[in-house]
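Trainee: So the sequence lines, in the order shown, correspond to chains A and B. Here the first sequence stands for residues 1 to 363, numbered as in our numbering. Here the second sequence stands for residues 1001 to 1363, numbered as in our numbering.
These are calculated hints, taken from the structure and not from any lab test. A few of these clues could be false.
What the hints assert, rightly or not - Dumping the calculated DSS-like pairs for lysine-lysine here, alpha-carbon to alpha-carbon at most 30 Å:
#, chain 1, residue 1, chain 2, residue 2
1, B, K1184, A, K323
2, A, K350, B, K1139
3, B, K1284, B, K1249
4, A, K350, A, K146
5, A, K350, B, K1306
6, B, K1332, A, K175
7, B, K1020, B, K1184
8, A, K345, B, K1171
9, A, K259, A, K205
10, A, K236, A, K262
11, B, K1323, A, K304
12, A, K21, A, K49
13, A, K306, B, K1181
Owing to the predicted nature of the structure, the values given are computational and were not obtained by experimental measurement.
One letter stands for each residue in the lines below.
Protein chains: 2
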Amino acid sequence: MKLPAVLDSQFIQKTFLLAKKGQAFTSPNPLVGALIVKDNKIIAGGYHKRCGLAHAEIEAIHKTKQKHLCGSTLYVNLEPCSHFGRTPPCVDQIIKNKIKRVVISTLDPNPTVKGKSVRKLKKAGIKVDVGLLRDEARKLNEVFFKNMKYKMPFVVVKVAQSLDGKIATVKGLSKWITTAKSRKLVLSLRDKYDSVLVGANTFIKDNPHLNGLRKIPYKIVISSQLNLPPSHYLFKTNPHKLIIFSSYKNRNKLDNIPKAVKLIFLKETKGELPLRNILKILYKLGIMSVFIEGGSDTLGRFFKRKLIDKAYFFISPKIIGGKSALTSVGAKGFTSPGISPYLDKIEIKKIGEDILIEGYLRY
Amino acid sequence: MKLPAVLDSQFIQKTFLLAKKGQAFTSPNPLVGALIVKDNKIIAGGYHKRCGLAHAEIEAIHKTKQKHLCGSTLYVNLEPCSHFGRTPPCVDQIIKNKIKRVVISTLDPNPTVKGKSVRKLKKAGIKVDVGLLRDEARKLNEVFFKNMKYKMPFVVVKVAQSLDGKIATVKGLSKWITTAKSRKLVLSLRDKYDSVLVGANTFIKDNPHLNGLRKIPYKIVISSQLNLPPSHYLFKTNPHKLIIFSSYKNRNKLDNIPKAVKLIFLKETKGELPLRNILKILYKLGIMSVFIEGGSDTLGRFFKRKLIDKAYFFISPKIIGGKSALTSVGAKGFTSPGISPYLDKIEIKKIGEDILIEGYLRY
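Work out the full structure: start from the sequences and follow the hints.
Mentor: So, in structure tokens, the structure goes:
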């Protein structure tokens, strides 16, 4: 027979797997999975499928089709809500259904509601355990945690470079440095985030689609000059998904831009569009996460401004060489190794021939 | 009870471990370990300690202190010699000592002697098995195999770079990108090779020692201009270990160079010293392996000429950034990703915070 603590862990882990099923579609809501267990047996599970639809806890409760759930335990990766949002509070349903115990992996990161539901459940005589596999639960909702704590989007970069840090040869050729397998994985990463961002050079030169495997994210282009070719894909397909940031001085250069495209003009500081402001504006537009795919100068500027939370480096075993070949992280750079940011909590994976190094930025 | 084949493997693996004890000092000879086994018990082991001293097989035979070794098996990672070199042929001693069976991991790579000893042993009525763990045995002596096959030194590069492929910041600062742990490992790598090579820029700017942990390798500097500061370490300490290649046009610029330093003047082709020639000359001087430590331009030129056999990339998790920061592999580079060389048989290790990627070049 398994110890209760081991069972608790296993059930919480199952809520993580359930929660992940909602990936790509719950934003701005977090990923949540819930499990109802009675006599150590799972009687129902649910997950939050899409923003506006039922919360995971309610999904699970409804699936049991029982009048009440006396003696059962609810497992959930995130503290249930106690406020009216798009849906009524989950806490009330948990109490009403006479659930005996609630096991929560992590509290709500929003400081104004954090712990409120736990107190309400306890007040109703329900046993509540909090904190099991908390780190994993926070990682699962790292976007939501950043959003709640800083009111800013979670910012991720992808780099696809040669072993010696190049993203193009001295002749400017970049197709292909990493393998098809890595590039497919990038498509599925786009599914995880609300938007994909590129600089004007990448937009002009690569004419990219920037779609995910299962969804069409917002596409964000930063273009000081607003010199973007009107025949490019992002103007032609789903232009309502395109957001362009440009300099205030171009506010009358709208001739070639389809009306569906969102154009935002900002004042430049020292000749550059203000990146932190851009992120703040995106957050206000409901874009909770930004996946930056380049190029060299754009990545370099975001790193320099210390705005990046997480990075995926796809490293091909190729050696491209060349003093003037385009480097993966360009712009002005950091002046000494001692003050350069670094990747922490590194995970290394082999993706076919390539090596994927992912981690979190520390400044 | 273990199967004979398993025991054979284990004994051959032990010869590898014995052989490695000679590392740093056997060159131009290979690393060899030998084991004498009777009734499945090891009765003696030996290894080749240093060029000029006894071969591993003779070491092992002497250690047994027995008059003859009837019924015993000799395990050895490389085919024993059958010719008079600095020492008499091992094969004669094996026959004379009435060894019953010889297990050899790999044949001698030298085409003029390959298989000769096996035939001689068999002719004397000794059972000979060849090929067990052959790939490992070849890797153990990869320097020797390259030497015998191509009459050229084995060429290895070390790169110590940031995650984004920089070896210095935009301000030229390079201390330190990788950690002390990685830098210590580099010292022990120098022990594996006969010489360490750097370009003039690295010599001038870093004023390096280039010593190993346990030995002082030859130091090779490539300097077209011969503008090397005479107060630098390599001129002051062990100048007889320093070899400088320079342009023929500098053949009278000898004022500041100590006499103990070996100076070799070569004709430049298209303004560059001929790297393949340099390697050939080093081989003739008895330098069987070259460990290239930079800088950017020197590495780039060796890669471009397809002269590198093996590479160690020490990658710090730092992101240094900067369009003009020094890249790890510079010079002219390859023009398209499709024709760029790549690392094969990659091994990935964590060295403290750093990541070490090592592999073999394919062109």
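Trainee: If a hint holds in the structure, say so; if it does not, say that too.
Mentor: Do the hints match the structure? See the list:
1. Taking the CA atoms of B:K1184 and A:K323, the gap is near 28 Å; set against the 30 Å cutoff, the hint holds.
2. For the hint pairing A:K350 with B:K1139, the CA-to-CA distance comes to about 23 Å; that is within 30 Å, so the pair holds.
3. With a C-alpha separation of about 23 Å, the suggested pairing of B:K1284 with B:K1249 holds against the 30 Å cut-off.
4. Straight-line distance between C-alpha atoms of A:K350 and A:K146 comes to about 28 Å, which keeps the hinted pair within the 30 Å bound.
5. Annotation: proposed proximity of A:K350 to B:K1306 holds, straight-line Cα distance about 26 Å (limit 30 Å).
6. Restraint check for B:K1332 and A:K175: the C-alpha separation of about 19 Å stays at or below 30 Å, so the hint holds.
7. Distance hint between B:K1020 and B:K1184 is fulfilled; the C-alpha atoms sit about 19 Å from each other, no more than 30 Å.
8. Distance hint between A:K345 and B:K1171 is fulfilled; the C-alpha atoms sit about 28 Å from each other, no more than 30 Å.
9. Between the alpha carbons of A:K259 and A:K205 the distance comes to roughly 23 Å, so the proposed pair stays at or under 30 Å and holds.
10. At roughly 14 Å between alpha-carbon atoms, A:K236 and A:K262 fall within 30 Å of each other, so this suggested pair holds.
11. The hinted pair formed by B:K1323 and A:K304 meets the criterion: a straight-line CA distance of about 12 Å does not exceed 30 Å.
12. About 7 Å separates the Cα atoms of A:K21 and A:K49, which keeps this hinted pair within 30 Å; it holds.
13. Simply put, A:K306 and B:K1181 have alpha-carbon atoms about 27 Å apart, close enough for the 30 Å limit, and the pair holds.
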